[in-house]
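From first to last, the protein sequence lines are chains A and B. Per the numbering used here, the very first residue in the first sequence carries number 1; after that it's consecutive. Per the numbering used here, the very first residue in the second sequence carries number 1; after that it's consecutive.
Everything labelled a hint here was simulated from the structure, so no lab data went into it. Don't take every hint at face value.
Stated by the list, open to error - Capping the alpha-carbon separation at 30 Å, the derived lysine-lysine pairs in DSSO-like fashion look like this:
(1) K23(B) to K43(B)
(2) K283(A) to K118(B)
(3) K55(B) to K255(A)
(4) K283(A) to K98(A)
(5) K55(B) to K43(B)
(6) K76(B) to K49(B)
(7) K169(B) to K55(B)
(8) K55(A) to K76(B)
(9) K55(A) to K118(B)
(10) K55(A) to K169(B)
(11) K49(B) to K23(B)
(12) K23(B) to K118(B)
(13) K118(B) to K49(B)
(14) K23(B) to K55(B)
(15) K142(A) to K275(A)
(16) K169(B) to K43(B)
(17) K283(A) to K142(A)
(18) K118(B) to K255(A)
(19) K55(A) to K23(B)
(20) K98(A) to K142(A)
(21) K98(A) to K255(A)
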Amino acid sequence: MTLEAKELNTERLLLNFGPSHPATHGTLRIIMELDGERITGATPEIGFLHSGFEKIGEHLDYNQFVTITDRMNYVSPMCNNVAFTLAAEKLLDIEVPKRAAYIRVLMCELSRIADHLLCLGMQAVDIGAFTVFLYGFRMREKIYDLFEMACGSRLTTSYTRAGGLMRDLPDEFVERAGTLLGEIPGALHEIDGLLSHNRIWVDRTHDVGVISFDQAISYGLSGPVARASGVDYDIRTREPYSSYQDFDFDVIIGKSGDVYDRYMVRLYEMWESLKICRQVLEKLPGGPVNIDADSRFVLPPRDEIFDSIEGLIYHFEVTMENRGLVPPVGEAYVPTESPNGELGYFIVSDGNREPYRVRTRTPSLINYSVFPEIMPGAPISDAVAVLSSLNIIAGELDR
Amino acid sequence: MKSRQSGNQMLPTDQLTEYFQNKFGDDFLEVTEFRGITTIHVKGGQILKVMRTLKTDPRFAFNFLSDITAIDHLTKGGNARFSVVYHLLNQHEVRRVVVHAWVEEENCALDSVYSLWKTADWQEREVYDLFGIVFNQHPNLRRIMNPDDFQYFPLRKDYPLHGRGERGKFPVVPRHVGSKWSAEKSFE
């Protein structure tokens, strides 16, 4: 028996990652080309969750579409509600009372904490640390309890209305929120202690998935992903909306643009959000949360509808099909800083009850587009770390 | 860093109009302002030049392309059937501008701005997928949301909300053949 040396066939391996994979957290599919362990090309395929939300928006009025925005970024629905309502209010030329604006800021910042807790927890699970996820989720549950208290639902909040809010905060809300703000730092310290100096965590995240400053600008990245690459831009401070100018907080900027910096930016942003939440609770003014009912943009209080003819007329004016909130012909766009980045609704009106076009500028879609650029050359295990650090939410990605 | 803010001031409308009129002549349409948002309307043919001017001219210096989308003006009316909408941001001076590039239905194509901002890759693919507007010199103009063999452009105004029966034609794999769960009814 003789042994012959045969030449081995070497070729690139195509690996199908997703659309149903525990690390994709949604329906993402990536076709990866591998040379051994190294990724030589990554092509994301998206659209598995495409639901035609923008088309539906052309058939719903300005308050009905708020319920659709909940379903886009289902991790921080409050931010979506606020972003859409701000654009609708710009179109209708409404300025909401200070109390409503402050409550919106509070809800946005609580959402940001919940979103970042989920993101960091999932990132840790993907890389192999399960405990962080549980610590994060415990606090996230309590934040969702607060949402439930305010608007009756935990995930599909639909809390905002053009002209104000669905309803005012219940009496014990401020006290409960204050208690929770005292508990969250404990969870943040726990996450910090578990991960920040953890040898395995640092090895898996340091210098992984580096996005340079120029790449971040060219790819239109925003939010924590861009700030981790050194882009000093936070819409809350640069283009303040909904009274963000009244609060004092810092913008967290990273330097190297790797997964570790993105983790750090998110972690420290939660401390800043806590600061804002405390200031809101301190300064929260009294008064109504809606503009006057005689503007015919908001529903009057319930007892007025039943007890007075004016109340009934205003109610009628808002809800009847041939009436309602009718903005002039025009377009409006309000950029907001959602937990993932710049979120804005571009609404075009042709002078009807329903918008003519509703475009959602979602951070997930635009942040994800950098993925094929940064992956080549990295080992396959980094794909999961990078993917979770970009925090792609499939509902928002595909709409 | 302390909280900073800047007034969202924009160049005066008349100066903008004059500048674009001189530079692009017939391809420039108008500058409009609504609720503090300045919008520049141009014809689709010169869009790459317009965007390069807005990016590189130090008077504008819009370094960040925030969003690309399109509007179908079929029932609303406008300069043409479609307008492709670009949202630009100058991150240093904090100001925004919207550019509408108008394209006709017969020849709905315009130049890609991928050479200026790489974010145009996916966003122009989305506009192509949903509106059927073609971007010349785009590196990879494929559908992004809908399947590759999808025939329509769903965000056009003449495409109905409930679709054109695609759901009924979708191949259904029956589970538990012969049981009460088997998919005998087709969805319309």
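Now the hints, each set against the structure:
1. Proposed proximity of K23(B) and K43(B) is supported: the alpha carbons are some 13 Å apart, at most 30 Å.
2. With a C-alpha separation of about 43 Å, the suggested pairing of K283(A) with K118(B) is violated against the 30 Å cut-off.
3. Our distance criterion of 30 Å between C-alpha atoms is met by K55(B) and K255(A), whose separation comes to about 25 Å.
4. Pair hint K283(A) plus K98(A) holds up; C-alpha atoms about 10 Å apart against a cutoff of 30 Å.
5. With a C-alpha separation of about 18 Å, the suggested pairing of K55(B) with K43(B) holds against the 30 Å cut-off.
6. A distance of roughly 28 Å separates the Cα atoms of K76(B) and K49(B); the hinted pair therefore holds under the 30 Å criterion.
7. Note on K169(B) and K55(B): the hinted pairing is violated, with a Cα-Cα distance of about 46 Å set against a maximum of 30 Å.
8. As the CA atoms of K55(A) and K76(B) are separated by approximately 16 Å, the hinted pair is consistent with the 30 Å bound.
9. This hinted pair checks out: K55(A) and K118(B) have alpha carbons roughly 26 Å apart, not beyond 30 Å.
10. A distance of roughly 21 Å separates the Cα atoms of K55(A) and K169(B); the hinted pair therefore holds under the 30 Å criterion.
11. The straight-line distance between the Cα atoms of K49(B) and K23(B) is roughly 10 Å, inside the 30 Å bound, and the hint therefore holds.
12. Between K23(B) and K118(B) the alpha-carbon distance is near 26 Å, which keeps this suggested pair within the 30 Å criterion.
13. About 16 Å separates the Cα atoms of K118(B) and K49(B), which keeps this hinted pair within 30 Å; it holds.
14. As the CA atoms of K23(B) and K55(B) are separated by approximately 15 Å, the hinted pair is consistent with the 30 Å bound.
15. The hinted pair formed by K142(A) and K275(A) meets the criterion: a straight-line CA distance of about 18 Å does not exceed 30 Å.
16. Simply put, K169(B) and K43(B) have alpha-carbon atoms about 39 Å apart, too far for the 30 Å limit, and the pair is violated.
17. The suggested pairing of K283(A) with K142(A) holds, with an alpha-carbon distance near 23 Å, which does not exceed 30 Å.
18. Note on K118(B) and K255(A): the hinted pairing holds, with a Cα-Cα distance of about 22 Å set against a maximum of 30 Å.
19. Using a Cα cut-off of 30 Å, the hinted pair K55(A) and K23(B) is violated, with the two alpha carbons roughly 37 Å apart.
20. Taking the CA atoms of K98(A) and K142(A), the gap is near 26 Å; set against the 30 Å cutoff, the hint holds.
21. With a CA separation close to 36 Å, the supplied pair K98(A) and K255(A) exceeds the 30 Å bound.
Hints 2, 7, 16, 19 and 21 from the earlier list are contradicted by this structure; the remaining hints agree with it.
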